[in-house]
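Participant: As they're listed, the protein sequences go chains A and B. Whatever position you read off the first sequence (first residue = 1), add 3 for this note's numbering. Whatever position you read off the second sequence (first residue = 1), add 3 for this note's numbering.
It is possible that part of the hints are untrue.
Pair ranges (Cβ atoms, derived) [unchecked claim]:
hint : chain 1 : residue 1 : chain 2 : residue 2 : range
1    : A       : His181    : B       : Gly182    : 38 to 48 angstroms
2    : B       : Pro134    : A       : Thr333    : 47 to 57 angstroms
3    : A       : Gly182    : B       : Gln131    : 20 to 30 angstroms
4    : B       : Pro192    : A       : Glu211    : 46 to 56 angstroms
Please keep in mind that the hints were generated in silico from the structure rather than gathered at the bench. Note that beta-carbon positions come from the ideal geometry of N, C-alpha and C, so glycine has one too.
Residue-level listing of the chains:
2 protein chains.
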Amino acid sequence: MPSIRDVAEEAGVSVATVSLVLNEKGSISPETRQRVLEVVDRLGYIRSSRARSLRDNQSRVIGYAWDKQRSEFNPVLDSFLYAILRNAEAHGRNVLVFSAEDSTDVAIYRELAAAKRVDGFVLSHTVQDDPRFVYLHEAGVPFVAFGRSNTPLDDEVFWVDVDGQSGTHAATEHLIKHGHQQIGFVGWPAGSVSGDSRWLGYMRAMRECGYTPPAEYDIRVMNHVREGYEAGQRLLDLDSPPTAVVCVSDVLAAGVMRACAAAGVRAAITGFDDTPIAEFMHPSLTSLRQPVNRAAEILIEMLVAQLDGQPISSRQVLIQPELVIRGSSTI
Amino acid sequence: MPSIRDVAEEAGVSVATVSLVLNEKGSISPETRQRVLEVVDRLGYIRSSRARSLRDNQSRVIGYAWDKQRSEFNPVLDSFLYAILRNAEAHGRNVLVFSAEDSTDVAIYRELAAAKRVDGFVLSHTVQDDPRFVYLHEAGVPFVAFGRSNTPLDDEVFWVDVDGQSGTHAATEHLIKHGHQQIGFVGWPAGSVSGDSRWLGYMRAMRECGYTPPAEYDIRVMNHVREGYEAGQRLLDLDSPPTAVVCVSDVLAAGVMRACAAAGVRAAITGFDDTPIAEFMHPSLTSLRQPVNRAAEILIEMLVAQLDGQPISSRQVLIQPELVIRGSSTI
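With the sequences and hints as input, model every part of the structure.
Facilitator: Have a look at this one:
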């Protein structure tokens, strides 16, 4: 691979001049500029990130496990990945994406890090006691996580999380303000860090108003429209069905809404994620918007600071979701 | 980096034995197996793709430009990317994803290929006279495309495309069979390869039945719900509005459906892509499903065959979309 010196020699100029031309700085005559660029082209000189990476022993690649099979439809994480990409590139990094059927299996992380294919990782889909937190922390592999593991390790590692508890708290309060007292909850099975936190927000808002929802108002299913539909049917079949339902996701809310429509019942419903389907539904869905662009921006800053040995202002950041009120909750 | 020879020597076995243990093949005694694995662990021996790539001078990385800003919501290409990832991994390759605000700019392709960060590319979002086809073909960089460029180069390069013309032809025929004659079209501005082909399918079906839609039945807008809404309004404002509308995407169909709902008009509507929103809409949307998994599978096979110098059975593959009939077109 030709070096900048080869280019300078061939063009009969100094290395500094080549550098100025390539960086479009300084006042270089058009003729010199032209000559240097011709030599660059002819020799095939590349100001490559690879050359840079040979210099500082970084691959300049960030790894991200995309666990798309976890739910049938997860546009929030699709957008998050794109935001990670954009922010990584703004810091001169590329993103290597790998699939993970079980996103908590550490083997692929070990292999990519050991082979120096990547310098560090961005994690998502975190779970309680996430084994990736333990492995990467112990192995000294730089990483940041979108989400927490709910262990003391959370105080030592880098993460950004959306405050799900505060989100469902706001949604539940909003329903209470619209006159509802019998409010049901459709969530995921216990053990999901974000799911449990969203349940807590609902319960806290209910208790603050002195409401104690009966056990049968709390339904746990997997994140599929059909399961949301069945959860909705179970709620509607109760002797005293809820008049409103807080759902942990737009996908489940879509199922519950369909069950209500099929039964000819109007119930106030809220979702979570503010996916594009929220706006398309009928009525359009009240939901909680996750600021994924902001999350990605902070995460990449944190990771790049670790990689480059720069100071980091904060290691753990909790950002607030925004309640977007639409027709589904105010009927 | 320790080699397989180092492991064999340290464990007092042959290289073949180490290989058998690592590949979990052959009948190796549990003690030998245990000893070899201990040495592998102690020396930190990695059967890395990096070692493999040093051997055959391939980076074993495939590049993909993700142009997510092109439309507000494109779950088909999100799923396509995931399918690319899964198929690439099945062939021992990783995927490096980069963003592209203008996906036809060749600079980033040139840089990644020259720096040997990737061995080849998967293209999507192809356009008429796609400059990437010309550049990559001339530079001899292996690539495959999901879509065509509508130039003679299409006969020389590798692509898989979904037959959009046959898709909208089927949708239009379906509407005609349900008694419609005044059928409008909401598409993208001329020049998009897939958009033009979808328009042709509509026109062909109309002409086959002797219908000649008036010019004002053909509306071209960008791929946003709001623009679909305005297109729907324009159609409904006509003295003789269409009773059915063929749309080039689910996103535009969602806008047209909303315009109909707002005007209290029932019109039969079809979309394209069969995105998750199709099923969530009210009524649910008739649409054309793109077999993205199959497309990704063929594309990666084609690309890997190029990289490994293997024979390739076909260079150009056109696959058929599937008309999924739901409530929106049969009202």
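Participant: Hint by hint, note whether the structure agrees.
Facilitator: Consistency of the hints with the structure:
no., hint, verdict
1, His181(A) / Gly182(B): 38 to 48 angstroms, "holds, 44 angstroms"
2, Pro134(B) / Thr333(A): 47 to 57 angstroms, "holds, 50 angstroms"
3, Gly182(A) / Gln131(B): 20 to 30 angstroms, "violated, 57 angstroms"
4, Pro192(B) / Glu211(A): 46 to 56 angstroms, "holds, 53 angstroms"
Of the numbered hints stated above, the single one contradicted by the structure is hint 3.
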